[in-house]
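Residue numbers (our numbering), protein chains in the order written: chain A, 1 to 454; chain B, 1 to 454.
It should be emphasised that the hints constitute simulated quantities derived from the structure, not laboratory data. Since the model is a prediction, treat every value here as computed from it, not as a measurement. Ideal Cβ positions, reconstructed from N, Cα and C, are used throughout, including at glycine. A few of these clues could be false.
Have a look at the derived ranges for each label pair, beta carbon to beta carbon [claimed, not checked]:
1) A:76 x B:415: 44 to 50 Å
2) B:347 x A:76: 35 to 41 Å
3) B:285 x A:75: 57 to 63 Å
4) B:276 x A:193: 15 to 21 Å
Beyond 12 Å from chain B on every Cβ pair, some chain A residues (computed) [stated by the list, open to error]:
5) 1
6) 29
7) 64
8) 94
9) 264
10) 272
11) 291
12) 330
13) 343
14) 374
15) 384
16) 399
17) 410
18) 443
Protein chains: 2
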Amino acid sequence: MAAYTTDQRQLLTGSTFAVLKPATTKQVSDIVRLAAHHGIGIVPQGGNTSYCGGATPDASGRQIIVSLERMDRIREIDPVSMSISVDAGVILKNAQDAAAAAGLLLPLSLGAEGSCRIGGNIGTNAGGLSVVRYGMTRDLLLGIEAVLADGTVVSDMRKLRKNNTGYDVKQCFVGSEGTLGIVTGAVLRLAPLPVRRATAWLTLAGGVPLAELLGLVRRESADLLTTFEFMAARSIALATEAMIDPSSLRAGPGGAVLVEFASSSRHLDLDELMEAVLAEAIESGWLEDALLAQSGSQRTAMWRLREAIPEGEKRRNGSVKHDISVPLSSIQRFLDLAGSQVRSFDADLELSVYGHVGDGNLHYNVLVPPDVDRLEFTKWIESSLSLQLYDTAAALGGTFSAEHGVGRFKKHLLERYGDVGRIAAMRRIKTAFDPADIMNAGAVVRPLGEKSAC
Amino acid sequence: MAAYTTDQRQLLTGSTFAVLKPATTKQVSDIVRLAAHHGIGIVPQGGNTSYCGGATPDASGRQIIVSLERMDRIREIDPVSMSISVDAGVILKNAQDAAAAAGLLLPLSLGAEGSCRIGGNIGTNAGGLSVVRYGMTRDLLLGIEAVLADGTVVSDMRKLRKNNTGYDVKQCFVGSEGTLGIVTGAVLRLAPLPVRRATAWLTLAGGVPLAELLGLVRRESADLLTTFEFMAARSIALATEAMIDPSSLRAGPGGAVLVEFASSSRHLDLDELMEAVLAEAIESGWLEDALLAQSGSQRTAMWRLREAIPEGEKRRNGSVKHDISVPLSSIQRFLDLAGSQVRSFDADLELSVYGHVGDGNLHYNVLVPPDVDRLEFTKWIESSLSLQLYDTAAALGGTFSAEHGVGRFKKHLLERYGDVGRIAAMRRIKTAFDPADIMNAGAVVRPLGEKSAC
């Protein structure tokens, strides 16, 4: 059972008396009906890769887990309509591969793609590496099939880009983290498959205005920008240490940025375009150096370095993650303020800062010192420094969770930072869909009538 | 009062005892509180440009109209974060202009842009001419401020692309047509302002597979495609008749398509790209002719012709509109089936078919014969032929309302075609937000407990 009751980051171990693995939507509906009848709580689970304890049962042992892993069928790919219809238990990577085999791109890509499942991507409105170009899961979702808390099946597996026929019910499920029902199927939008890419590694000078650099690159790429990943020098060093075959790519005083353009057209010369854009950035004095990948293996090396950061953090002793987003115009201010906060909190703390800056999203991670207990340290930081950092983000119009969600770990943050009217509206939605609090109780928000909101 | 109580298409005249024009969110909240206390129904109104009677009160005279027209302030433009914050009563065109003045694009553009207001765009999830590239209103909405049916203010005016902190309450308001509360403010996403455009008029050969042509153009444009507007020959003829300075642009047997690419980068030669793409389309035998606009005035002429179609229909004697969307892979099949249905219904009927085919959206309009009463004819067609056409769209996985909404006119269609589970979920949402049915009662859907769902 351990794989189902312990969360991805091993911060929480819950308990359950049954893991159910339905194979059809009908079986999901039957399970929910029965559970509702007997007042048994349900924790829906996909790949169990939540960073916020959103997919793990509580310690009571009275919640059952409904795993979607057996519902892993790709139902249809329609290459003309550019859509893919899937069971919610399909692993993201498998959906990507199926789309690619049909000559199309499923433009959702994230670290966990080899194990996370589409239902979980919807439940958390997953973002990842290509949001700047293609948007988040919400932007890709065309149709849904879901089982409500009384067993009712919502069947709206449309392939339509436009369908304004009343409330778009599927939107409620996006980011609901299993608290409103169980998503059993989805139709996702596909994009033309890129046939050309240009990838560059930018070594940043000190004091580079990140948002302005992004603005320049985005504008002059004509929106062909698919990736703008910022990495601080420390993060790159950690990643390099973790690699068997270390990279020679380096960070400047301002860190580094991985930039990629992609085109589905053979009629554009992306290398030429990238060169022109980088020349402008160099002219502005923002770059110490810029390296344009000359081959597939150079491109792969750049990506491997970026992707090795989480592993680099893990090898050291892990990190306390802050999945922060601020308006682009406040990124520099956040980095300055947060940096001071960390220094005055404890001058010995080290940071690993990287993220999808193209979307205003920073993974602002505090490294766990090598010799301390990871769990203890995490609890300590999260109850002290983390709140200071979130306060700063909030004061700048930002958020404490850009793409990881709320789950069980961040409910106190929702209560602390959420607009009162918005939380009231959330509780109404929860009450409307799940008045008895059957669905993933303990995550995100509580129905009206219960003492605490979150 | 007539301007407030009669709908855009003059199909419905309601009655009211008061039109209220609040100037602040606080005033909106006070009005709603008072109305809720006294059980008085409210019809929120922006530009009153609904095609579905979504903004017009019923005949009872017991609903008040709350017009947002005095809340027309642009609150802030943040050029670095690429966002605009507005009062909900701002006219779309004014928001577009303000963005352009800051060197950015508000990529929402539709026929009514000179009079429709942002709150209404949100309430109907407005689409329009650039959806294929930039998405619908939902895709542009970053933040919201709204007054709920009890006067509670939801204040979530964020500029964040990513903010996964529980249910995204603002999504409920998108497409809600004023039935869940009153939107008073919004933050919209801006895009880099295009500095180059390439515009072409495609004269289609007979039997062109429209979706495949779109697929080719989209793919080979590298997603720089902003417009793909199909027009049947009859629609172009109507538009030409309505123009003071008639165009020489012509339709082929398969009609015509207006294609536009846009780039915010000076580093791309879009004319060259368009020529390469069109050469491929010509090679496929799909085009009789393709004209690439060589000047701003040629481009304007192409757009004027497209935009004159609704006026052309109006001058003749108007049309019965069917705002249909089908999966792209079924567009040809729909055109074939629907054409037969119209012919066997009445061989003398004429059609005007055009639309945003880039999004699978067809305005499939039946022309009102010159000598008949428009209202009578509309009622007759809508109670007979329209249902056949919608049946066909539905059978192909399509919808009876792609971008116009439901309002008061299309509730019977929602009841006829809506998935039972989805309508049940809609009613729960309505009940959660507005149990007493104060907000725009009579439009879209009814709370639980009432006899009819819609």
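Q | Those earlier numbered hints the structure runs against, lowest number first | A | 1, 3, 6, 9, 10, 12, 16, 17 and 18
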